[in-house]
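Participant: Listed below, chain by chain, are the residues.
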Amino acid sequence: MQGSTRKMGIMTDVHRRFLQLLMTHGVLEEQDVKRLQKHCYQVHDRNATVEKLEDFINNINSVLESLYIEIKKGVTEDDGRPIYALVNLATTSVSKMATDFAENELDLFRKALELIIDSETGFASSTNILNLVDQLKGKKMRKKEAEQVLQKFAQNKWLIEKEGEFTLHGRAILEMEQYIRETYPDSVKICNICHSLLIQGQSCETCGIKMHLPCVAKYFQSNSEPRCPHCNDYWPHEIPEVFDPEKEREAGISKSNRKSLRSRQH
Amino acid sequence: MLQKPESGGLPVSQAKGEKDGGHDGEPQALTASRESPREDLGAVREEGCAEPALTRRGAGALARRRAYRRLNRTVAELVQFLLVKDKKKSPITRSEMVKYVIGDLKDLFPEIIARAAEHLRYVFGFQLKQFDRKHHTYILTNKLKPLEEEEDLGGDGPRLGLLMMILGLIYMKGNSAREAQVWEMLRRLGVHPSKYHFLFGYPKRLIMEDFVQQRYLNYRRLPHTNPPEYEFSWGPRSNLEISKMKVLGFVAKLHKKEPQHWPAQYGEALADEADRARAKARAEASMRARARASARASVHRW
Chain F
1 MQGSTRKMGI MTDVHRRFLQ LLMTHGVLEE QDVKRLQKHC YQVHDRNATV
51 EKLEDFINNI NSVLESLYIE IKKGVTEDDG RPIYALVNLA TTSVSKMATD
101 FAENELDLFR KALELIIDSE TGFASSTNIL NLVDQLKGKK MRKKEAEQVL
151 QKFAQNKWLI EKEGEFTLHG RAILEMEQYI RETYPDSVKI CNICHSLLIQ
201 GQSCETCGIK MHLPCVAKYF QSNSEPRCPH CNDYWPHEIP EVFDPEKERE
251 AGISKSNRKS LRSRQH
Chain R
1 MLQKPESGGL PVSQAKGEKD GGHDGEPQAL TASRESPRED LGAVREEGCA
51 EPALTRRGAG ALARRRAYRR LNRTVAELVQ FLLVKDKKKS PITRSEMVKY
101 VIGDLKDLFP EIIARAAEHL RYVFGFQLKQ FDRKHHTYIL TNKLKPLEEE
151 EDLGGDGPRL GLLMMILGLI YMKGNSAREA QVWEMLRRLG VHPSKYHFLF
201 GYPKRLIMED FVQQRYLNYR RLPHTNPPEY EFSWGPRSNL EISKMKVLGF
251 VAKLHKKEPQ HWPAQYGEAL ADEADRARAK ARAEASMRAR ARASARASVH
301 RW
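Protein chains in written order, with the UniProt record's numbering: chain F, 1 to 266; chain R, 1 to 302.
To be clear, the hints were calculated from the coordinates, so they are not data collected in a lab. All of these numbers come straight from a predicted model, not from anything done at the bench. Just so it is clear, CB atoms sit at the ideal spot from N, CA and C, and this is done for glycine as well. Errors might be hidden in some of the hints.
Stated by the list, open to error - Calculated lysine-lysine pairs in the PhoX-like style (CA-CA distance at most 20 Å, straight line):
| no. | chain 1 | residue 1 | chain 2 | residue 2 |
| --- | --- | --- | --- | --- |
| 1 | R | Lys143 | R | Lys256 |
| 2 | F | Lys157 | R | Lys253 |
| 3 | R | Lys87 | R | Lys106 |
| 4 | F | Lys34 | F | Lys73 |
| 5 | R | Lys88 | F | Lys157 |
| 6 | R | Lys87 | R | Lys143 |
| 7 | R | Lys87 | F | Lys152 |
| 8 | F | Lys143 | F | Lys162 |
| 9 | R | Lys88 | R | Lys173 |
| 10 | R | Lys106 | R | Lys173 |
| 11 | R | Lys256 | R | Lys173 |
| 12 | R | Lys87 | R | Lys173 |
| 13 | F | Lys157 | F | Lys111 |
| 14 | F | Lys38 | R | Lys145 |
| 15 | R | Lys88 | F | Lys152 |
To be verified - What follows is a list of derived Cβ distance ranges for each label pair:
| no. | chain 1 | residue 1 | chain 2 | residue 2 | range |
| --- | --- | --- | --- | --- | --- |
| 16 | R | Met287 | F | Gln148 | 42 to 50 Å |
| 17 | R | Gln127 | F | Lys218 | 40 to 48 Å |
| 18 | F | Ala48 | R | Gln127 | 22 to 30 Å |
| 19 | R | Asn218 | F | Gln148 | 29 to 37 Å |
| 20 | F | Ala48 | R | Glu273 | 29 to 37 Å |
| 21 | R | Arg282 | F | Lys143 | 34 to 42 Å |
| 22 | F | Met8 | R | Arg178 | 48 to 56 Å |
| 23 | R | Gln130 | F | Lys247 | 50 to 58 Å |
As the list claims (entries may be wrong) - Chain F residues, not near chain R, derived (Cβ > 10 Å throughout):
| no. | residue |
| --- | --- |
| 24 | Asp13 |
| 25 | Arg46 |
| 26 | Val50 |
| 27 | Leu115 |
| 28 | Ser125 |
| 29 | Asp134 |
| 30 | Glu147 |
| 31 | Asp244 |
With these hints in hand, go ahead and build the complete structure from the sequences.
Facilitator: What follows is the structure, encoded as structure tokens:
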């Protein structure tokens, strides 16, 4: 029946500003989200206690439900950082990407997406993507231009670039997971632990099942003899650390130093 | 409450349809919406089939519930459509909304847009304003006050700062400024029409295309000039989003003076403030009347 029985939350200017800013950024890491929340309280309701983030977001989501959008929480595939983005619940016509990109640019994204999904590592090389430039719909695009468009995708957090190769940004996975699973049901990879879409991860060399790096970290935490959950064979890859926001803040570790977690192991 | 998945939700999956040229990004995204009302009904029909055999009265109630759901769904899509279009800052026309979102519910346009406007106001703090009655064009303005510290977001800050400079020049020159004067002022700031600027991109394109298309500026040819000369004036969006008093304040601060230092402009700004206050009072009164009327009507409709 129309309408949920769940009690709907209340929106104040604190929540509205939060939503507007989250929309402007597209995607934010959890600690930035917390800072954003505090900022909104500072501006509109200085004396109020800052609500716990989870409750704050659930409150907003209960209001967004009737608009078929929600603030979704995900985790970056390479180092397990929690991220948040505003996503469409049902795959309707209007998409955020469409405002910023022309027809041929969107088609370039689709080509890159297909290469990424089909790849073993979850990465598609810039060269391979650029070689498809002649097949694009819409206005003809030169390779030089396509290189800049790929950079634009990276700047807008739809793709991540690493050493000349591209993979999906956590934001794209949050926004497009449903669409990707429906459109590429045969080539899509799924994590054996969390059953969500998998782009980057580790594979069992015996039976082929795949797991996200953060899922590997959690599953094998403090396990000295990691074994494949499916075939029980010895798990041959380096087990990453579970993401700990406290530890990171104390040590002041910059993202670029955590290279050990980023090695692609397949 | 997820709807049955629709094919091609993302623009990338859509085959190209007809489209008004020159609006590259939009048509892609928007072709799918044609299917959605039908598929929406399809999903709803499936839910309906699971129910037991209905009496005629029951069937009527079911049809009303479905229609209600479909209406709510369309309102939600319109909200998303408006948010997405507003990001580009281009004004949205009623015909676009009907073509891409509302479809054959277009007789319910007033109700749909009123509900969408209410969602935008309550949930996001945006105000939907009609600024061209003849062409039924709308824009979104922000009810929340803008903050300086938020300006690094999205790169809009510097561009709007440039716009402010231009609006200020136009106002101080008596509400219109020749193109040559605008470029002369900008050149003094180190901004040249066709030289790439790290903050503004290509200034000529930003000012002559983007700002004009977004209705922040009007650009027209001066009659009887040869070689042709052009002038800038405030566009309708500027009139809605900012006031003469605010712009005068901005100019005054730049020159480290008080607004009253320019008595003619100050007087004009005062008169403008009075006009705005009157218009606002009128709008609020008519909105209250409309709300009462629609509340009465909706009780009967559903």
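Participant: Could you run down the list of hints and mark each one as holding or not?
Facilitator: Hints, one by one, checked against the model:
{"no.": "1", "hint": "R:Lys143 / R:Lys256", "in the structure": "violated, 29 Å"}
{"no.": "2", "hint": "F:Lys157 / R:Lys253", "in the structure": "violated, 38 Å"}
{"no.": "3", "hint": "R:Lys87 / R:Lys106", "in the structure": "violated, 24 Å"}
{"no.": "4", "hint": "F:Lys34 / F:Lys73", "in the structure": "holds, 13 Å"}
{"no.": "5", "hint": "R:Lys88 / F:Lys157", "in the structure": "holds, 18 Å"}
{"no.": "6", "hint": "R:Lys87 / R:Lys143", "in the structure": "holds, 16 Å"}
{"no.": "7", "hint": "R:Lys87 / F:Lys152", "in the structure": "holds, 17 Å"}
{"no.": "8", "hint": "F:Lys143 / F:Lys162", "in the structure": "holds, 19 Å"}
{"no.": "9", "hint": "R:Lys88 / R:Lys173", "in the structure": "violated, 29 Å"}
{"no.": "10", "hint": "R:Lys106 / R:Lys173", "in the structure": "violated, 45 Å"}
{"no.": "11", "hint": "R:Lys256 / R:Lys173", "in the structure": "holds, 19 Å"}
{"no.": "12", "hint": "R:Lys87 / R:Lys173", "in the structure": "violated, 31 Å"}
{"no.": "13", "hint": "F:Lys157 / F:Lys111", "in the structure": "holds, 17 Å"}
{"no.": "14", "hint": "F:Lys38 / R:Lys145", "in the structure": "holds, 17 Å"}
{"no.": "15", "hint": "R:Lys88 / F:Lys152", "in the structure": "holds, 16 Å"}
{"no.": "16", "hint": "R:Met287 / F:Gln148: 42 to 50 Å", "in the structure": "holds, 47 Å"}
{"no.": "17", "hint": "R:Gln127 / F:Lys218: 40 to 48 Å", "in the structure": "holds, 45 Å"}
{"no.": "18", "hint": "F:Ala48 / R:Gln127: 22 to 30 Å", "in the structure": "holds, 25 Å"}
{"no.": "19", "hint": "R:Asn218 / F:Gln148: 29 to 37 Å", "in the structure": "holds, 32 Å"}
{"no.": "20", "hint": "F:Ala48 / R:Glu273: 29 to 37 Å", "in the structure": "holds, 33 Å"}
{"no.": "21", "hint": "R:Arg282 / F:Lys143: 34 to 42 Å", "in the structure": "violated, 58 Å"}
{"no.": "22", "hint": "F:Met8 / R:Arg178: 48 to 56 Å", "in the structure": "holds, 55 Å"}
{"no.": "23", "hint": "R:Gln130 / F:Lys247: 50 to 58 Å", "in the structure": "holds, 54 Å"}
{"no.": "24", "hint": "Asp13", "in the structure": "violated, 6 Å"}
{"no.": "25", "hint": "Arg46", "in the structure": "holds, 14 Å"}
{"no.": "26", "hint": "Val50", "in the structure": "holds, 18 Å"}
{"no.": "27", "hint": "Leu115", "in the structure": "holds, 13 Å"}
{"no.": "28", "hint": "Ser125", "in the structure": "holds, 20 Å"}
{"no.": "29", "hint": "Asp134", "in the structure": "holds, 17 Å"}
{"no.": "30", "hint": "Glu147", "in the structure": "holds, 17 Å"}
{"no.": "31", "hint": "Asp244", "in the structure": "holds, 28 Å"}
The earlier numbered hints that this structure contradicts are 1, 2, 3, 9, 10, 12, 21, 24.
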